[in-house]
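*Asks:* Listed here are the chains, written in short residue letters.
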Amino acid sequence: MARSTYKQILLLTVCVIGVQLAATAADKTQYLTQLTMAGYYSMVIIGLSLLMGYTGQISLGHAGFFAIGGYTSAFLTTYNLLPHQDAPIVSLLARTGVLMAGKDLYDADILVVQPWAACIAAVLVTLVVAYVIGRPVLKLKGHYLAMATLGFGTIVYKMVLGTSLVGAADGLSDIPAFQLLPGLSVSGKSSVRIQNYYIAWGLVIVGTTLLLNLIHSRVGRALRAIHGAEDAANAMGVDTASFKLRIFVVSAVYAALGGAFLTHFNGGIGPSEASIMKSVHYVAIVAIGGMANLWGALTMGVALNFLSLRGYFGSHDDSVFGLILVAVMLFAPEGIGSTGAPERIRAWIKRLGAREEPAP
Amino acid sequence: MNIELFCQYLIAGLTYGTIYAIVAIGFNIIYNTTGIINFAQGEFVMLGGMLAVTLDVFFPLPLSIAGAVIITMLLGALIEICFIRWLKSPSVLRMVMITIGLSIIIKAAALAIWGEGVKSLPYFTGTAVTVISMGDVHVSPQVLWVIGVSGLIVALLSFFFNHTLLGRQMRACASNIDAARLCGIDAKNMVTLSFILSAGIGALAGCVVCPITYVQYDSGTNLAIKGFTVAILGGLGNSTAAIAAGLMLGILESLSIWILPTAFKDVIAITILLLILFVRPSGIFGNAEAARLKEF
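Heads up: the sequence lines are chains A and B, in that order.
As numbered in our numbering, residues 137 to 496 make up the first sequence, in order.
As numbered in our numbering, residues 277 to 572 make up the second sequence, in order.
Hints were generated in silico from the structure; no laboratory data involved.
For each residue, glycine too, the CB sits at the ideal point set by N, CA and C.
Among these hints, one or two may not hold up.
Said to hold, decoys possible - Among the chain A residues that face chain B by a calculated CB cut under 8 Å, a handful are:
#, residue
1, M283
2, K294
3, L461
As the list claims (entries may be wrong) - With the Cβ distance kept under 10 Å, some of the chain A side facing chain B (calculated, not the full set):
#, residue
4, L217
5, L286
6, H452
7, D453
For reference, chain A alone in the conformation it holds in the complex (with noise of 0.2 Å):
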C-alpha cells in the first residue's frame, strides 16, 4: 500500500469515528441513520467512480445493479421455502445451514434462507449480470454505451414492477436483520444505530482502501492508459476489452453489496431504488465530484446523499441534482475539485503565514 493511501485511509477513519463522537457528544444520532444510508449509497458512487473516472465508461444503470442485489438478498431472505419443503433442493439447501426458520408479519412458522447466504448469492448474481450485460455493451462507446445502459436500467426497472413475486410496485419489506457476528447485526433498530453506522463505514472504509490499491497498481495504469488514449493503450499491449469488462464488474459488485446491506438496514426495498433517476442521480454525483477523483466523488455522495435523506431539498429533489449536473458539466466538466478552488485556498493560507513572518 503506497504510503499517501495509508494516510489518506487513516484521515477517512479519523473522519469517521470524529463524526459518530460529535453526534453522540451533540445528541443528534439520528443523523446517524442517514450517514448510514448515506455511507451504503456510497458504496455504489466509488464503484461508478472508478468506472466512469478510470476507463472513462458511462453507465446509466447503475441503479439496476444496486437493485439486483437489494432484491436478491430481499426475495430470499422473506420467500418461504416451507411449502417446498420436500424438494430435493430445498432439503440440501436446510442440511447445509443455509436456511434459518422465522416468524413472518402474521408469527406464522417460514423457512427463508440465511441473509449471509443471501447476500453472497446477490453478489454472485450481480456478477454474473453485469458479466454477461458487460460484454456486449462495454464495446459501445458514447452516447450507443450511454442509451445501451440507460436501456438495461430501464429493463430492471420494469422487471421488478411487473413483477408480482417481488412485490411489484409495493417493494418487498420485513426483511429481516443480517447477523454479521454476534451481537453485531445489520438492522434499523434504533438501539443498534451506532454499530450500524460503523458497519457500513466498515464497509466502505474496505471498499475504498481495495478500490486505491487498485488504482495504484498496474491495473490502475492501464486503466488510465485506456482512458487517456484507448487505441494507444491498445497498441502498447493492455487487453482494453478485459480491463474495461472487469472494472464495470467490480462497480456493479460495488454497487449489489450497498443494495443488499442497504436491503437489511432498511427492512425493505422497492422498485424506486431501480428507477432511471436514481442512476441519473449516481452520476450526477461522480460527475460533481469529479470524474477521476474517488475521494471527491465518496465526499460529493455523502454530502448530497445525507442532504436528501434529511429532507433538505424538499420535493426538489431531482430539480436540485439536474440543476448541479447541468452547471458542474457547463463549467467545470473536470468536478467541482478541478475549479482549482482547493489550491486557490492553499495559496491563500501561505500568503497569510508569508505575511506573518517578520521582514529579514
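Starting from the known structure of chain A, arrange chain B on it as the hints suggest.
*Replies:* Relative to the frame of chain A, chain B by itself:
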C-alpha cells in the same frame, strides 16, 4: 387470433409507430447538425401536449396547438443558446450529461407547473367514442389525424431539406461542418435552427397524439427511449429509414400484447434496442462502413 383483431392491433401499432418515427426524426435532425443525441427530446413532446392542454382553456383548439408548438420552439432555441452554443468542442460524455440534466429540470418544472395529473386534449374530430368503420375494423378519427399530421410533417421536412436554401445549408452542415463553414454558412445558427425544428415537430407530435395517449409530466422519457430505439434501428441520422423502423417497432409492440403481459410491453422496445446495439449498431438499414467513420 382472428383477422379483425389482428387489423385492430395493426392500426394501433401504426399509430404509435408514426409517433415513434416523429420523435426519431427529431433526434436525427439535431444529431445531423451537431453529432449530439439530445436526451431531452422526449420532453419537447411532453411540453407540446401540456402547453396545448393549458392554452386550450383560453383559445380555440387550432390556435392553442399553434401556440404550444411556437412556445416549445422558442424553448428549444433558448436551450441551444444558453447551454450548447458557447461550448467549445465538448466531449460526448459532457453533452450526454448536460442534456440529461436539462431533461430532469424540464420534467421537474413540468411537475411543479402542471402537477402529477394525467391531462388530455379533446379529440380533434368527434369524441372519444366516434368511430370510422372499415368493414369490421373500427378506427378513431384521431388515429387518422395522427397518421395524417405525421405524414405532413415528413413531407414538409423533406421539401425543406431538399428544395430550400436554408434546408440545404443545414444538410451541408450535417455532411461536413468544416466545409460548410468554408462556404460561408453560419454553422452556429444552423445548430440553433435544428433545435428549433426538432422542438417544433416534437411538440406537434405531442399535440396530435395527446387525445389518445394522454400526457403527464414524465411521459416524455418513455417516448424518448422508443424514439431513440427507432433512430438506431434505422441508422442514426437517416430519417427515411426511421419512418420504416418506427412503424416496425410500433406494430411489433402492439402485437406483443398477444404473447406477453402488458406490463412488459415497454421491455420489448428496449430489448430490441439492446439487441440492435450489440449486433448491428449501424442500424438495420444503415451502412456499417459509413457508421464506423462517424464520431460517437
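*Asks:* Taking the closest Cβ pair, is L217/A under 10 Å from chain B?
*Replies:* violated, 26 Å
*Asks:* Measuring from the C-beta of K294/A to each C-beta in chain B, is the shortest one below 8 Å?
*Replies:* Holds. Min distance 5 Å.
*Asks:* With a cut-off of 10 Å on the beta carbons, see whether L286/A makes it to chain B.
*Replies:* holds, 7 Å
*Asks:* Per the CB criterion, is L461/A less than 8 Å away from chain B?
*Replies:* Cβ of L461/A sits 4 Å from chain B, so the hint holds.
*Asks:* Double-check M283/A for me: the hint is only fine if its C-beta lies closer than 8 Å to a C-beta in chain B.
*Replies:* holds, 6 Å
*Asks:* Can we keep the H452/A interface hint, with Cβ of chain B closer than 10 Å?
*Replies:* Where the cut-off is 10 Å and the nearest Cβ of chain B is about 7 Å from H452/A, the hint holds.
*Asks:* Hint validation: D453/A versus chain B, beta carbon distance must be below 10 Å. Holds or violated?
*Replies:* holds, 9 Å
The structure is inconsistent with hint 4 alone, although it conforms to all the rest.
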